[in-house]
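Those sequence lines, one after another, are chains L and U.
Adding 2 to a residue's 1-based position in the first sequence gives its number in my numbering.
Take the second sequence: its position 132, counted from the start at 1, is 125 in my numbering, and no numbers get skipped.
You may find that some hints are simply not true.
Derived DSS-like pairs: lysine-lysine, alpha-carbon spacing no greater than 30 Å straight-line [to be verified]:
(1) L:K214 to U:K(-5)
(2) U:K134 to L:K203
(3) L:K170 to U:K179
(4) L:K211 to U:K145
(5) U:K145 to U:K134
Chain U is nowhere near these chain L residues, computed Cβ spacing over 12 Å in every case [unchecked claim]:
(6) T34
(7) V74
(8) P91
(9) G341
Beta-carbon label-pair distances, calculated as ranges [what the hints assert, rightly or not]:
(10) U:L159 to L:G142: 35 to 45 Å
(11) L:D143 to U:D6: 54 to 64 Å
(12) L:R325 to U:E155: 36 to 46 Å
(13) U:P215 to L:F222: 44 to 54 Å
(14) U:F(-2) to L:P196: 51 to 61 Å
(15) L:T34 to U:D6: 50 to 60 Å
(16) U:P230 to L:G341: 31 to 41 Å
(17) U:Q(-1) to L:N212: 18 to 28 Å
(18) L:E251 to U:V48: 44 to 54 Å
For the record, the hints were derived by calculation from the structure and aren't laboratory data.
Ideal Cβ positions, reconstructed from N, Cα and C, are used throughout, including at glycine.
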Amino acid sequence: MVKTRKLLSGNEAIAQGALQAGCNFYAGYPITPQNEIIAYLAKHMETDAVGFLPAHRVFIQAESELAAINMVYGAAAAGSRAMTSSSSPGISLMQEGISYIAGAELPAVIVNIMRGGPGLGNIAPAQSDYFQAVRGGGHGDYHLIVLAPEGVQEAYNLTQSGFDLADKYRIPVMILGDGILGQMMEPVRLSTKPIKINPVKAWALSGCKNRKPNIIKSFFLREGALETFNLALQKKYAIIRQKEARDEELFLSDARIVLVAYGTMARIAKSAISQLRKAGKKIGLIRPISLWPFPQRGFNRKNSRVKYLVLEMSYGQMLEDVRLAVNGRAPVEFLGRSGGGVPSQEEIIKKIQQIL
Amino acid sequence: MKTIFQRCQSLYDVPTHYCPGCGHGIAHRLIAEVVEELGIREKTIAVAPVGCAVVAYDYWRFDCSEAAHGRALAVATAIKRVRPQSIVFTYQGDGDLAAIGTGETIHAANRGENLCVFFINNAVYGMTGGQMAPTTLLGQKTSTSITGRKNKSQGYPLKISEMLALLPGVHYLERVSLENPQEVLKARRAIKQAFENQINHLGFSLVEILSPCPTYWGLSAPEALAWIRDVMRQEFPLGRIK
């Protein structure tokens, strides 16, 4: 019998989700707190790969994050389901490559298990890379689809969705977690379906047998060409905004205060909500699952007496997107810590009592 | 009538954007001719650099990827690993390969990636307007070494091919020149050798091609060829390095 439930860390679940999604190329460089992803994939992919797509899976420990993201670019250009993973400082190094991936419209999955910053910061969990993730991060007018799991099961599931979305829209997808998500262990219900087969990509580099040569590039020198291309990108982003926003909404029908939190922060928020609702307090939750596109639906409510409380392991980053979504129709309060501190259930409850 | 010469089918029938007397057009053509001769056009994937040859895909009639400045060998490594049946090469200038991309160059070589690298050494940054390159000769004037390169503040010409010779992962290294027809033919032989090495799974092959840049050397086209012969080759001797 196939064992379908397994105790995994968030990092391992992301790696296992990638394998289940048919990821056949991984390149990465060690950095805490996401090293379990590299180790897991080194064990389950080939480190001395010689073979043919799609039967083999290539693992490369790159010499730097710069090399890793550009290897992902190359593998994606050649038609692979390609992934890399890192943590905040490493993701900063990758930004140039991510911009090229977006510009060349290549599908790829990039995992950021965030740690404290700026600079070398520390290895404590944080959500301080929100702006970098949802605003593009590198140079140029582009977006990534950003998915933020709140637990290990969702990390497994969203990693798989990430590969599908990347291929569907030819766009880089980021899985954004933090050190707590990466390290904590939870039981995961594993898929019993066969591993996904990498879809055939007619645009990919494979040798120009019986067709015109394919070119992968992001360079548009001819006058007007780049603007035309950027408008096409914007059109694609508009479709993604319309179709791919995801969130979880709890108790919005009667809530006086709606907490807004993602990832690990949402788990803590849920504990606070369940404690307060037992005491009769009408508290709800909007948990963005896609951070870009940012889910607007939950904020479009008629209830004029509602207040929002944004919770972050950062200093007012998602807060800006919530304010844009609320658009002045209700007060937006904020509680955040970063640099090693995580707002606790007690701190959240205290803040709620202050504003209730 | 018997056809005794025709245009190389691995090149599009278009003029290049290169300056008069530039070596890139010759190097592009040599690569295209060898690809054709070996019958590998339909399985070749090129990786173009950032530099003067950034739009090489406008000239070669086979699959091609752009790479960020310096990252061609990271991109090519992945392409070759996921498609080992393809023939993969990078085409890189001295800034791309020996300055910003030094790390990728050394590590791809050290892993012994089964790739071909065509390294165009013209001792100057062309695309950005003639700045000092890692391979700029001592005393050579550029827009960022206006009184000539000085070793004390600007270091020495970087001999990346000699450095790579130390790495066990490297199978083949040769330095060639485009200074006259005889040397061009030798360059063609070296390029062919590199492709044959890849076809035979022998590992990392790099051909360094000394190439004229009359525009940023401040010379006429014939003077530039003579400068390779009389000056550049003193610093970068031709021949098989490994």
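If you check each hint against the structure, which ones fail? Of the numbered hints, 2, 3, 4, 7, 11, 12, 13, 16 do not hold.
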